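Novice: Sequence:
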Amino acid sequence: MGIMLYNTLTRQKEAFQPMSGSEVKMYVCGPTVYNYIHIGNARPAIVFDMVRKYLEYRGYNVHYVSNFTDVDDKIIKAANELGEEVPRLAERFIEAYFEDTGALGVDKADLHPRVTETMPEIISFIKALIDKGYAYEADGDVYFSTRSFSGYGKLSSQSIQDLQLGARIEPGEKKKNALDFALWKSSKEGEIAWESPWGSGRPGWHIECSAMVKKYLGETIDIHAGGQDLAFPHHENEMAQSEALNEQEMARYWMHNGYIQIDNEKMSKSLGNFVLVHDIIQKHSPEVIRFFMLQAHYRSPLNFNEELLESAKNSLERIQTTVNNLKHRRRESADFGEAGRWKETASKHLQRFIREMDDDFNSANGITVLFDLIKTANLYLEEKQTSKEVLTSFLDTIREIGSALDIKVETSEGMLDEEIEALMEERVQARKSRNFARADEIRDHLKEQGIILEDTPQGTRWKREQS
RNA sequence: GGCGGUAUAGCCAAGUGGUAAGGCACGGGUCUGCAAAACCCUUAUUCCCCGGUUCGAAUCCGGGUACCGCCUCCA
1 MGIMLYNTLT RQKEAFQPMS GSEVKMYVCG PTVYNYIHIG NARPAIVFDM
51 VRKYLEYRGY NVHYVSNFTD VDDKIIKAAN ELGEEVPRLA ERFIEAYFED
101 TGALGVDKAD LHPRVTETMP EIISFIKALI DKGYAYEADG DVYFSTRSFS
151 GYGKLSSQSI QDLQLGARIE PGEKKKNALD FALWKSSKEG EIAWESPWGS
201 GRPGWHIECS AMVKKYLGET IDIHAGGQDL AFPHHENEMA QSEALNEQEM
251 ARYWMHNGYI QIDNEKMSKS LGNFVLVHDI IQKHSPEVIR FFMLQAHYRS
301 PLNFNEELLE SAKNSLERIQ TTVNNLKHRR RESADFGEAG RWKETASKHL
351 QRFIREMDDD FNSANGITVL FDLIKTANLY LEEKQTSKEV LTSFLDTIRE
401 IGSALDIKVE TSEGMLDEEI EALMEERVQA RKSRNFARAD EIRDHLKEQG
451 IILEDTPQGT RWKREQS
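Per full-length UniProt numbering, the very first residue in the first sequence carries number 1; after that it's consecutive.
Be aware that one or more of the hints could be misleading.
Stated by the list, open to error - Taking lysine-lysine pairs in the DSS-like style, the calculated list, with each CA pair at most 30 angstroms apart, reads: (1) 408 / 388; (2) 108 / 176; (3) 77 / 176; (4) 53 / 384; (5) 348 / 53; (6) 108 / 77; (7) 375 / 53; (8) 154 / 77; (9) 463 / 283; (10) 283 / 388; (11) 108 / 313; (12) 432 / 108; (13) 447 / 375; (14) 13 / 174; (15) 384 / 13; (16) 74 / 13; (17) 327 / 343; (18) 74 / 215; (19) 348 / 388; (20) 74 / 214; (21) 188 / 176; (22) 432 / 327; (23) 214 / 174; (24) 175 / 127; (25) 108 / 175; (26) 283 / 53; (27) 188 / 127.
Said to hold, decoys possible - Simulated DEER-style distance windows between Cβ atoms: (28) 98 / 229: 20 to 26 angstroms; (29) 338 / 108: 20 to 26 angstroms; (30) 383 / 10: 47 to 53 angstroms.
No lab work stands behind these hints, which were simulated from the structure alone. Nothing here was measured: the structure is a model prediction, and the numbers come from that model. Built from N, CA and C at the ideal position, the CB exists for glycine as well.
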């Protein structure tokens with residue numbers, strides 16, 4: 001049946017059908033780089049990375065572009081406060097972004113265009129909008145005239161009249177209509193600026209994405225994604241600009257992820273509950289954070305706090321433990337019993353996983369299937385005789401699902417050093433001679449070093465304790 | 001005021017007409033030299049409330065309530 005996805009534009013699930021065969025053009029709005037990213041920024045990074053990887057898993061070739069807003073009011077403000085040059089500050093936080101999202105298992109996009117490197121395209125985009133009568137200059141600023149674009153409001157399903165009520169004109173703005181928005185802003189004395197036909201200034205916020213999408217992916221793309229709050233005004237405005245100029249649909253599918261809350265409250269500076277990824281990964285492993293995020297559907301609101309992370313850690317460990325136990329059993333057991341009724345089990349689970357994920361990237365249900373498989377594998381491990389073939393099918397399937405979601409289903413084994421191996425051997429002898437005091441002493445000693453021993457009918461297995 | 005989202009066990013979270021997935025935590029049991037891991041049992045007669053439609057609703061309709069978000073360059 002193929003992939004179904006929820007399209008914000010039509011407010012329903014639709015069959016996913018890219019424009020050209022298996023090629024998918026996907027654009028995700030990236031961060032404004034003036035600080036470390038917080039946990040709310042991490043969600044779109046993670047969920048759309050998941051979407052991308054799942055599409056690839058399903059055989060699509062994804063062209064993935066995500067921008068950096070590396071010049072805007074907030075960056076200028078932050079730079080002033082720190083007494084740092086804008087480009088240096090932006091560069092610093094771009095590096096931090098890659099570091100943080102990389103830890104969370106987010107792959108780099110194929111391209112990460114920056115505003116400052118897209119200036120010629122932005123300027124000609126604006127010029128073309130003025131020429132077509134969709135934008136006007138006012139004293140060095142350029143505004144998009146929302147009234148001139150008939151489709152304005154269709155993404156957020158609001159009428160111009162309703163929007164008008166909430167809109168206002170800030171002091172100093174020279175727009176004709178409160179709903180108009182800046183394409184180009186003239187610079188103040190001493191501010192970082194670029195030359196343009198309207199004098200020196202910098203781009204407005206929304207125009208960069210329109211220019212970048214067109215430059216790097218084309219006039220129409222398949223998927224345009226971002227946080228829910230970007231739907232209005234950011235995406236609405238992007239869409240208006242692009243469709244006014246190109247006279248064709250900007251994106252076929254619009255995807256928006258739900259918000260993250262901290263203890264059921266909005267994360268905001270005034271509440272002082274900002275959680276930076278940079279900080280939280282000092283205390284909780286980034287793999288757990290990714291797993292936690294994917295345990296909820298991407299469009300649902302998601303509450304975040306450390307207890308929830310702790311619980312997610314235990315859940316993930318259940319998977320890792322089973323993988324470890326499967327590996328141990330396959331290694332230690334000389335059994336090659338009949339596969340029997342277990343033979344098809346893993347592949348059936350894999351089919352279920354695909355069915356769930358095909359339904360609007362429901363990673364929550366995908367992970368449930370993984371747990372069902374874990375349960376089945378654990379039951380199989382209770383059998384006296386196990387077949388290597390079945391053990392391998394369980395292991396391979398768990399790994400396949402793990403890699404489709406890019407969650408960490410197995411812990412790194414590392415090498416045991418000689419001292420530890422010697423102690424384990426000594427303990428085997430101690431247990432044989434029923435010297436349990438010594439055996440327990442060794443087990444406790446190793447536990448202090450993060451090595452956990454478990455005795456099974458197939459011998460002693462070990463695993464490293466997770467941080 | 002306009003637009004939108006969410007309300008399911010102690011906690012998290014699936015489930016859009018067919019009789020409540022899964023995970024975490026808790027309790028009991030099996031296994032074990034003891035543990036650990038695992039398995040088994042137990043844990044929501046019920047899905048925010050009130051009406052309605054239906055043979056049948058957490059799921060559809062009407063009306064409420066609560067919380068959250070957007071309309072303020074905040075993902």
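Novice: Given the hint that residue 74 pairs with residue 214, does the C-alpha gap stay at or below 30 angstroms?
Specialist: holds, 25 angstroms
Novice: Between residue 432 and residue 108, does the CA-CA distance stay at or below 30 angstroms?
Specialist: This hinted pair is violated, its Cα atoms lying about 53 angstroms apart.
Novice: If you draw a straight line from the CA of residue 214 to the CA of residue 174, is it 30 angstroms or shorter?
Specialist: holds, 28 angstroms
Novice: Between residue 74 and residue 13, is the straight-line Cα distance small enough, at 30 angstroms or below?
Specialist: Outside the cut-off at roughly 36 angstroms; violated.
Novice: For residue 348 and residue 53, compute the direct alpha-carbon distance and say whether it is at most 30 angstroms.
Specialist: At roughly 21 angstroms apart (the allowed maximum being 30 angstroms), residue 53 and residue 348 satisfy the hint.
Novice: Are the Cα atoms of residue 283 and residue 53 separated by 30 angstroms or less?
Specialist: With a Cα-Cα distance of about 27 angstroms, the restraint between residue 283 and residue 53 holds, given a limit of 30 angstroms.
Novice: Sort out whether residue 343 lies within 30 angstroms of residue 327, counting only the CA atoms.
Specialist: holds, 17 angstroms
Novice: Is residue 188 within 30 angstroms of residue 176, Cα to Cα?
Specialist: At roughly 21 angstroms apart (the allowed maximum being 30 angstroms), residue 176 and residue 188 satisfy the hint.
Novice: Residue 283 and residue 388: Cα distance at most 30 angstroms?
Specialist: violated, 38 angstroms
Novice: Need the status of pair residue 432, residue 327: alpha-carbon distance at most 30 angstroms?
Specialist: Given that 30 angstroms is the threshold and the Cα spacing comes to 25 angstroms, the pair holds.
Novice: Quick one: are residue 338 and residue 108 within 20 to 26 angstroms, going by C-beta?
Specialist: violated, 47 angstroms
Novice: Are residue 348 and residue 388 close enough, with their CA atoms no more than 30 angstroms apart?
Specialist: holds, 18 angstroms
Checked against the numbered hints given earlier, this structure breaks hints 2, 4, 8, 10, 12, 14, 15, 16, 25 and 29; the rest are met.
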